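All chains should be modelled from the sequences, with the hints used to inform the complete structure.
Residue numbering for the sequence shown follows this note's numbering, starting at 73 and increasing by one per position.
Don't read these hints as lab results, they were simulated from the structure.
Since we're looking at a predicted model, the values are computed, not measured.
Just to be clear, a hint being listed does not mean it is correct.
Here are the computed distance ranges between Cβ atoms for each label pair [to be verified]:
1. Asp278 with Gly437: 39 to 49 Å
2. Asp278 with Phe161: 42 to 52 Å
3. Arg137 with Ile342: 35 to 45 Å
Backbone N, C-alpha and C define an ideal beta-carbon position, used for all residues, glycine too.
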Amino acid sequence: MNRRGLVALLGAEVISAVGTRMSALALPWFVLATTGSATRAGVVAFVEMLPYVVASAVGGPLIDRIGGRRFSIGADAVSAVAVAAIPLFHERIGFGGLLVLVGIAGGLRGFGDTAKHAVFPRVAEASGIEMTRATSLQDGLSRLATLLGAPAGGVLIAVLDAPTVLLFDAATFAISALLVVAVRVGPAAAPVEEESYGRALRAGFDFVRRDRLAGAIVFMLAATNLFDAAYQSVLLPLWATMIGSPVALGVAGASFGIGAVLGNVVFTAIAPRAPRWALFTLGFLVGGAPRFAAAGLSDAIWLLCAVSFLAGLALAAVNPILGAVMYERIPPHMMARVHGLATAVSWAGIPLGGLIGGAVAGAAGVRWAMLGVGACYLAVSVAPLVFPVWRTLDDRPPAPVPEQRAAVVPASADQPARS
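Here it is in structure tokens:
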């Protein structure tokens with residue numbers, strides 16, 4: 073077993089994620105401080121996210137051909153330069169130049185994240201850790217990075233300034249690239265014939281279309297991400313304004329994050345034996361619609377916090393289960409293109425979520441919008457109870473057969489994992 077590679081890869085993901093969470097606060101703050109325009113801050117956020125989604129969707133064939141490890145190192149190294157250039161040269165390049173740098177940084181982050189996900193299953197397999205447990209570690213560390221990165225970014229902006237925090241983010245990309253250099257993994261199984269870019273991209277679409285479970289996962293994530301975006305970006309802030317307590321935003325978010333981290337610790341311990349379908353179904357039923365109902369039917373902050381904590385606890389198993397299932401089903405030589413496509417489609421509804429949430433709240437009011445969007449969330453959440461394909465979440469690949477040691481090795485010795 074070689075767990076150094078997994079530790080290095082997870083460390084690279086965590087450090088990069090912490091920097092990204094800090095810059096998510098620092099970049100709009102920087103734009104507001106330098107331009108004084110909330111509209112321009114919104115444009116910058118859009119320009120950063122759009123290339124991320126596009127890069128995730130179209131970069132997979134290139135990453136599969138070049139290799140996830142090499143692509144991740146290159147993307148993170150160039151990201152460090154692009155992000156550092158934002159505070160260093162913004163006065164010379166103007167707002168248009170700023171948008172170019174932000175777009176480049178967003179696209180490179182999409183490439184880098186997809187590349188790390190592409191190499192992750194082989195690194196996890198080489199470490200000897202069961203896949204669901206490995207993805208649970210990955211998701212738990214990501215949630216911890218979110219829980220720590222945002223407050224750290226706020227404190228650093230207050231103590232230092234937004235440009236310095238952006239330089240910290242650039243440094244995290246450089247450190248991430250160095251950590252991935254330490255990752256060693258064998259090549260993925262290659263297709264018999266070298267594919268053209270267009271053919272490779274179509275193969276990714278065809279896989280998601282033909283694999284019923286993969287298609288169901290992508291559809292469900294696209295819908296629930298849209299509803300969650302409406303909740304987080306519009307409906308919850310409007311609810312907090314309506315009850316006259318902006319602090320509700322932070323408290324509810326912290327409650328959800330603490331529940332998610334604690335739930336992840338528990339799930340990581342039981343992951344190899346956990347019933348995937350049951351925990352996945354329970355996770356969405358408890359973690360989705362009840363949050364909307366709590367805000368739509370009550371003004372009590374304590375109730376929303378309690379429901380948010382339970383939601384985080386219940387949803388902690390969802391991402392690791394879905395990650396493990398996708399890693400197990402996708403052929404290694406198609407990992408980047410299929411995973412990147414799934415990510416892009418799953419995230420496609422996020423920009424629309426705020427628009428839909430705002431439109432519904434404007435037409436029907438905050439409470440009815442909460443209840444209406446929550447009802448839609450519930451309708452999607454019951455899909456695993458209705459459609460038999462979701463039962464295949466419990467289908468696990470056979471455990472690898474340990475290699476036989478020579479007779480002189482004691483019977484009690486650890487058997488090497490096959491990588």
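Index of numbered hints that the structure contradicts, given in increasing order: none
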